[in-house]
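Chain residues, written in single-letter form:
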Amino acid sequence: MIRPSLPRWVLVPAGAAVLFLAVPLLAMLVRVPWVALPTLLASPAAVDALWLSLRTCALTTVLSVVLGLPLALVLSRSRGRWAVVGRTLATVPMVLPPVVAGLALLVALGRRAPLGGWLAAHGVDLAFTTGAVVVAQTFVAMPYLVVAVEGALRSASDEYGVAAATLGAGPTTVLRRVTLPLVAPAVASGAALAFARALGEFGATLTFAGSLQGTTRTLPLEIYLQREVDTDTAIALSVVLIVLAAVLVAGTARFTKRPWSET
Amino acid sequence: MSGLYVRGVVPDRGVELDLDVPAGSVTAVVGPNGAGKTTLLHLVAGLVRLQSGRITIGEREVASADTYVPVHHRRVALLTQRPALFPHLDVLANVAFGPRAAGADRTAANVRAVAELYAVGCSDLASRRPDQLSGGQAQRVAIARALATDPDVVLLDEPLAGLDIGVAAEVRHTLAARLRGRTALFVTHEALDIWTIADRLVVVDGGRVVEDGPAIDLLTRPRTPFLAQLCGTNLVPGVALDDTSLEVAPGVVLRGVPDDEPLVPGGAGLASVLPEAVALHLSDPGGSPRNALAAEVTSIEPRGQVVRVHLDLAGHLVAADLTPQAVAELGLAPGSSVRASVKATQVRLYRR
Amino acid sequence: MKKFAALVALLVVGACSATQPPAGPAPTTQLVVFAAASLNTTFASLGTQFEAAHPGVKVTFSFDGSAALVDQLKAGAPADVFASADKANMDKATSAGLMAGAPSLFTTNVLTLIVPAGNPAKITGLDASLDGKKLVVCADGVPCGTATKKLAGLLGVTLKPVSEETKVTDVRTKVESGQADAGIVYVTDAKASGDKVKTIAISGADKVRNDYVIGATKDSKQAALAAAFIELVKGPDGQKVLAAAGFGA
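Chains as they are written, first to last, in my numbering: chain A, 1 to 263; chain B, 1 to 352; chain C, 1 to 249.
Just so you know, not all the hints are guaranteed correct.
[Stated by the list, open to error] Rough simulated footprint, nothing fancy, chain A against chain C, three-plus residues with beta-carbon under 8 Å: (1) 126-139; (2) 149-163; (3) 185-194.
FYI, nobody ran anything at the bench for these hints, they're computed from the structure. In this text, all values refer to a predicted model and were calculated from it rather than measured experimentally. Ideal Cβ positions, reconstructed from N, Cα and C, are used throughout, including at glycine.
Can you make the complete structure from the sequences, with help from the hints?
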């Protein structure tokens, strides 16, 4: 079918939008010291930062799924005022300025904070540890998984759950064999988004976890430091971050297409 | 084999349903839209809670004011217009789902699934994905899947409504064969479904069961406008003069043949006349023993090969099916005065 | 389409002019000063003095890390005066041909140890009392970190920080909040933290002085005003304000 065409003038602002988004990224690629790139990226600081980022982001993604998936399930079934409260709480960290997220974590889990003090008294001292990095990343990344999965659960029809129940499947069986397989693509794309968000997390980590090579200085923090010290290294590391983000986002686009719902 | 007893009161939905389905009986449920048919099925399935009353399946109480057996413990199968096959599982795994949920191991569940697929004529589809099935195939697989759980009660909510006419006919026969001897409630709008599949019939209207009896009796001698419409017949009430004549308005008498439940003189009676048995003339036709009554055309409705002419006959609404040619030759239009004639042999008279 | 373009133009102009003062008898001359972040408070107050002494002149500041400011200058940012927190960054600007003439030293800053108010970890100085405690310093490479490393070397102390921050203010806030037990910052930062922190002077801190250097840029169109501002900073009034903030100690 031939769709009614768009007015041609739309192409002008659309083109401007593409340029607006693409130019800074392309400018970065032009600025990259390509010859020195391998050396810059092979420095111990860069390797440590990249490796730390990948490790913490993987852990963050696992935590986001383990905690966020059940939350999405509960929210998708909730109605009324408490559902609004829950949903708001679950999504606010997405739109919080990163520094605010860090401050919020600090006043809750900092060494002087009640909860943080209680944890420290029980031998869990988060301050300046890799654990603090994971906490900060999970705080800002988990909402992406919750939102993606809850949306999929809400738009999914009840009919499969009803059918499964009438076939004798209890709630756990329905969840395991019907609900979760049906939203698996959304879980995968939500997890990829959470990973990407965690990878870019900066403000909350800086405020809450500190910055020490190999322990808390993730890729964005290393870039932030190198920007003060050596712009070339900062740009080289930024390219790594851009490539990783692009791969994740492109991967997400693949997941969102369900192989069995095309007819 | 379990019977089903329902006394379900749900004031929120304006429903107060009483029903007793004998074990092994397929009971068709008919009624206008919004009458409470689907609510009835959902009460039995456990998808709607009753506020008072009681539902038992065999000896098991599954619902009452303070009992609620969850859906998955009711041993009740539900088939709806949409097959709702799990899109991520192939056909075999869909059918094996119920036995697996009941604790069968994979092999036993698959053996059962193969047998059920064979019984609905879908053995060759076992490895397909639901999106590779036609509508009729999907509904057959859904039947196999539902019956693989050995349900005590099968609930069917217009399972043939979404299918093409030819496909529906095939699936209808499969259903008839597979439901034989089971306790089932079958919501439908089609008289053919009832004739083919059901042995009992209940009519639900305004949240109440208003008629309940053997399907054959209710369909051959419809006594309400709803059932008359379902059977596609005209129903004209009147007072019996004798067992072959019914006065349907002062001085207006319909003659017919007595049915198994003949008229009692002076008692209320009904005349059932099929629309195709009604002929229209501009003047009195005379001739053989006929009913020839004055009527006025109220509206004309083309229906494919025939034209349905709605008449006001002595204050009763009566439909006549004519050929388009006949309608044109008679020059019929709303307001036309006609003589409606029906052979006495085409009029069945029975007690109200 | 024309309307759309006009709207875009209007928005762009509107956005750009939003920082301009409101209409009226507005100052006609702008003096743009790029200054190291640590000069924020002192320079802001000197700016006010300067405006009072030069009617019709508006001083606009951009405070950031010295390295970031050099990057911006290289990228063509329109500044008249550049004040760096260290010589190294000023040298970068000079060798890039961005500065007019030789920049001059106008103040210094030295490092100090700070602990949260009340000193919960009972730190006594750059000594064994820091063992196992959470010390936060600036990262090697940024001016305060380079200075910290140099000082520790000169004093023969090995520091085991739990975090190496990019900005000295991040060291400060971590000590203020009690998240860290101790931090090494500039005297000026310690002073700015007020009574939220306790200052423990490092004996020998003056062995590593951070030299603050100021100069006019080559592309400045306000050479006279730029020179006047630099004179103010170097003169008695400027030195008084800087000293009050802890500079030149």
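Each hint, compared with the structure:
1. 126-139: This one holds; 3 residues, not fewer than the three required, reach chain A with a Cβ under 8 Å.
2. 149-163: Answer holds; 3 residues pass the 8 Å Cβ test.
3. 185-194: n = 0 at 8 Å, threshold three: violated.
Violation of the numbered hints given earlier is confined to hint 3; every other hint is satisfied by the structure.
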